[in-house]
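2 protein chains.
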Amino acid sequence: MRGSRTEIPRGPVRRPWRFDLVLERDGKVSQQTQLVRALVQEIQRGRLPPGSMLPGSRTLAAQLAVNRKVVVAAVEELVAQGWLETLPASGTRVAALLPSLAVADTEVRPPRTASPVRGEASLVSITDGLPDSRLAPLEELARAYRRALRAFSRTASGYSDAAGAPELREVLSGFVNQARGLSTTRAEVFVTRGSQGALGLYALSMLTRGDVVAAEVPGYAPAWRAFEFAGAEVVHIPVDTGGLKTDLLEEKARALGGRLKAVYVTPHHQYPTAVAMAPERRMHLLHLAERFDFTVIEDDYDYEYHFEGNPLLPLQATAGSRRVVYIASLSKLLAPAIRLGYLVASPGCIRKLGETRAVLERQGDPVLERAIAELFEDGTLQQHARRARRVYKERRDHLLEQLSRSPALRAAFTYSVPTGGLALWLRLRQGSSESLAARARDARLLIASGSTYLPKGRLAAIRFGFAAHDTNELSWICDALSHCVPP
Amino acid sequence: MRGSRTEIPRGPVRRPWRFDLVLERDGKVSQQTQLVRALVQEIQRGRLPPGSMLPGSRTLAAQLAVNRKVVVAAVEELVAQGWLETLPASGTRVAALLPSLAVADTEVRPPRTASPVRGEASLVSITDGLPDSRLAPLEELARAYRRALRAFSRTASGYSDAAGAPELREVLSGFVNQARGLSTTRAEVFVTRGSQGALGLYALSMLTRGDVVAAEVPGYAPAWRAFEFAGAEVVHIPVDTGGLKTDLLEEKARALGGRLKAVYVTPHHQYPTAVAMAPERRMHLLHLAERFDFTVIEDDYDYEYHFEGNPLLPLQATAGSRRVVYIASLSKLLAPAIRLGYLVASPGCIRKLGETRAVLERQGDPVLERAIAELFEDGTLQQHARRARRVYKERRDHLLEQLSRSPALRAAFTYSVPTGGLALWLRLRQGSSESLAARARDARLLIASGSTYLPKGRLAAIRFGFAAHDTNELSWICDALSHCVPP
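Order-wise, the sequence lines are chains A and B. For the first sequence, the working numbering assigns the number 908 to the initial residue and increments by one for each residue that follows. For the second sequence, the working numbering assigns the number 908 to the initial residue and increments by one for each residue that follows.
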């Protein structure tokens, strides 16, 4: 075993790239493969940014103390995979457009062109309504994060309120008041780890064994699991084109008596069907909440993305924070990797959540919270939301066009056009979503079967998350999908 | 109400500082006060870094559309408070050394010099063994964070394993194996939100109502609260100069029968007394764990900071991850604002923790985790740990010198010199820690009373966290403390 360190100047960044590669010589993995993996990792981490030049093969071979043939073969392999590009007469550089990350079990982007499959493990996911991280103002976020880190190193210890950084609670309060018609103060806002963090903390703080929570079906199963973790029982109320069937909820509430503690709804774009809850159902739900004394948990995960008409105001705008707990996500606004959400509730509830968090993890992430507060304050996030809404509407329209153009897809699905949201709900005319998902997987498409949204049983429908894919990618996906649907 | 935007070039950073200040004219808060607050906020956030020049008062007044007298008075006030400096003939700039942040209820640094009190709310905390964020490689972290963000925007969706970013689990496994004598694989490492996040997640995943956990007393109360939150009962076993009294633990284990599920210990530098657990006690504890079939929860919160001799290896190095759950913190290595810790346990335990996290918050923070992994891989964190150890040893030695030099402090306290850690345990010869803490508060010193470390009752001792304060600051603190101790 031998090691060496090769330094490659990387253009605009002054600090040279240090390639700390130690090639094993025990024969288990060939040196070529080791070199290929190490270079891909450097590129994926961003340490070798797109466009940066590699040293010549002779230099690299000498510095790594391997035969030059090994380097040449590794570079050829990476060129073939699309990670590197060879420039006539000037050498090899990291490709400007990188191939998709090959990961086995999670969401991946489609290739930029309809090129042949690059790696078996690489799947293109349309399972969820994810935003497109490529649009997010991540450079601005990185700068704000650096400023927040500096501020902590200079002036404060880093311990902060369990409910979140005061600056962020303040701007979120102003934001929901101004943009969503709520009427809150900072004391009613709690910053969480994504919207799932809000659900988990709420469940641990406010629910106890024997409580019952009613939830939409089909619906968002991760919410049910959070309630059940806290010992509550979840009962399921059907959804139709007007959202939660509140007449059935009323029957259930009457039968349960005082045990019904909360009703979990996604009234803006119902998860997974994307229907909007009808105004009369909303009023009925709030009326029932008063009459049977339960809390409404309103998960408003993608309010920003409303494309037609004026969005209805959140339920909390009507009923206030005493009756309605409002949950929203910044992960959907920015990128799933940014794990921030928030919850708006009565000051008493916020206090209880703070006590729970103090015990379980002390506090949130004050650096990230402060950085995000700055991006709200200077308007960066609002500007991003406007741009993303425009882009996602284009993508939705493109998807609708693809669906109506393709005879195979037209024959396979029925659907309504939702007024917003990042996903389309496609019902299958025939066949099961399980067999569709299996065929799609063979074609590198990751689709969740309809049973994902049910406590048990099967559902012949899929949720098509379109927002993370640009129009070229959506064309590719629709083409692939058209070969998977029942003939 | 009127608004205007003033742009100030800020030296090395090319993007000009945008001062989005809207001065209210409703008379509730004077314009001068509004301007003072807004400028302090800009400085605290790091948007106006130390040394950056302010525009002239005429320019600023014109752009903000206020009388120049308002600007001049605000600048004078900020110069008096130490936020700004006036340079003869060249204008006003942000002070190179900023005053302490005035916050009411949390840890703040002492003034750099023994200057008069600047604000009533500003307290200097020695309550805990906090590291000094000023030493942490935060610029390197900011750069790594930016690279991680870019990598996510290019290649992945941001959803990741609930147990933490694979890269970080891999490097942490290597790190504890190499630096602490453990014998782990990636599958045994779980990345948490600080060490409190590890305790909370462990409690929620592995403990249930009716279980008993034994813990040191005096000890770390936040751990007890996490166990109790999960429904467990905490019993307290005394600590002496050899750490946990394992003979008393044995009696308790016998009395409890199978109900004793876990024993929580801080064997390296006991919290709060900083004593090291004696080797024969360690062996006895592990022997009892086998005999009575309980898990040892080993909280090794500041292993890095061992100043004399070789540190004893963690208990897990002897007994393995099946019997000992090992918890450590990166917040203590870097800065409290960096909320990362980790837990090393059996793969089965790690799986259960992952299931709990998936339900309660889906996953950790993949961006920060990837950035920290990079800083481990390129050696930045190891280098920082070596430097911090040297600096904290100097500070500890300086504190010991101050304590032995001052007749008042010599008369007030007895103590042993611990072999490491970020705090000293001072026992009062007379008087209560409550009255000492009250007098200290009047002198701007924040001290926790001894009862903090007990389930009930009082303890005439304080924990003096010295690491976050440099030697000048420690001199100031000792001087202030010498006026608070009983005469």
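If you're looking for bench data, these hints aren't it; they were derived computationally from the structure. It cannot be assumed that every hint is accurate.
Treat identical chains as interchangeable: a pair holds within one or across any two.
As the list claims (entries may be wrong) - Each computed DMTMM-like pair below joins lysine to aspartate or glutamate, with the alpha-carbon atoms no more than 25 Å apart:
1) Lys1259 <-> Asp1377
2) Lys1300 <-> Glu931
3) Lys1363 <-> Glu1262
4) Lys1152 <-> Glu1140
5) Lys1259 <-> Asp1285
Violated hints, by number in ascending order, as checked against the structure: Hints 1, 2 and 5 are the ones this structure does not satisfy, whereas the remaining hints hold.
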